[in-house]
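S.K.: Given the sequences, and given the hints that come with them, work out the whole structure.
Note that full-length UniProt numbering gives residue 437 to position 437 of the sequence shown, counting from 1, and the numbers run on in steps of one.
Please note that the accuracy of each hint is not assured.
No farther apart than 27 Å at their CA atoms in a straight line, the calculated lysine-lysine pairs in the DSSO-like style are these [stated by the list, open to error]:
no. : residue 1 : residue 2
1   : 456       : 90
2   : 197       : 456
3   : 389       : 456
4   : 407       : 320
5   : 456       : 320
Because the hints were derived from the structure by calculation, they are not lab data.
Everything numeric in this text was worked out from a predicted model, so none of it was measured.
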Amino acid sequence: MRLAVSALLLLLPCFLPLKVLGTGWADYPRAHMRMEPFKSNDTGRILTSLLMLLGAKSNTTVTSDDDRTQVSNRITPGCDFYQNVEPSDKFYIYSPNYPNTFAPHVACRWYAVAPVGWRHELECREIQLDDGEPGDNTCEGGDVLWVSLSGDSRLRDAHGYCGVGSFLTLSHSNLLNIVFQAGARYNPGSRFFCELKIRPANELTTVAPPVVTSRPQPSCSCGRRSANRIVGGTETGINEFPMMAGLVDLESSQVICGATIISPRRAITAAHCLVQRSPSSAVLLVGDHDLSTGTDTNKAAVFRIQRFLAFPQYNTVTQKNDIAIIETLREMPFDAAVGPVCLPFRFEDRDFVDDEVIVLGWGNTAYNGEPSSKLQKVELGVVTEERCKSAYPSGNNIDNLQICTFKSGADACQADSGGPVMWQDPETRRLHLVGIVSYGFRCATDSPGVNTRVTKYLDWIQQVTGDDFCVA
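M.R.: Structure (structure tokens):
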């Protein structure tokens, strides 16, 4: 097996934790609800997700102005707020000098953090904001309330509200970023008033479907698939799947598990691949296709590993929560041959049953057989939780934290563990990581393969990485 060696410079982590230097939020039981400033230096907790409007009854204009990234960098001193929101809390967010008007060009930010597994519910009952030039539906030049339901500090997935109306919206992560930007004109009567609280994510299945959903961001570079394909075959094209990686044991020089690139320094794999293994005992292989030759691609490289981050509640007996992050010492340069998969932020509520997914690996082509030197692919169907449970004696251990796949005569197999289960969005053609190969009964039997359902771990991925994931 040939392994190329990376010569990239070591990049030190640049995550800066948020700091609270003031109070800044109005608590519900208090009679006086003036927002006092706090300061935040957040550069690391950049998250992306799906915009969801619940029961919207608004005549406000919704816009996605590209200038929102610049707005986030122009916050008025003394108007930058941060708050940890607990389950019993309720906070009010409102325009400066409310209910009176505010000064032109003022910009304020409210950044909210809920416990993992909770979502923010933002209800803006009163929106009366100047919507800019008459006949212009973009809010340009007027007063805009930007809302990023992922907590993106640069507001790249945010929507802006102006005009007159109200709305109720729900975040898809435990972070929320709200920025208000006043226009150049003084507008008597221009104001807004919102209420914020949080709800458990497991209650959200009863919520009405979204009225408005976010659109994919065309600038996203994730989930791309090379045109270099082998049609109808089980072998992939060379670098057809840039997100594919392998965990290589340094002692044996063998790929022991698959992994999927999600950002320049991180890949996702199965937690069971890391049991009794130290970061110094393995490397991450990217950009390779045929492990037996060095002439098929010049993109192969290996990266030393800084640390493993297994999900804290991983159960070695039931294989519940079988997910982990591999963090490399150096960044992986991205190009057409090496790049990240998309994370399924826009599809958290989708079960993918009856959808077709793609599984990749250098694993065995038969049970207890020889591993393949060339990267293999197989297309499987997603089956119901009930079908999956019925195939295993320990069926009660299978639940909605897992996603099961099956196709007669085809399956993931040994050494495919930790590899990707990917769904291709028919709208964007981008590949989304919806599962991580976890376990199965032998290979290609009548029992479905059991995989970790990635949509259930997006909060955790975002929290432990601090990476900048975009919506695609």
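S.K.: Among the hints numbered above, which are violated by the structure, and what are their numbers in rising order?
M.R.: none
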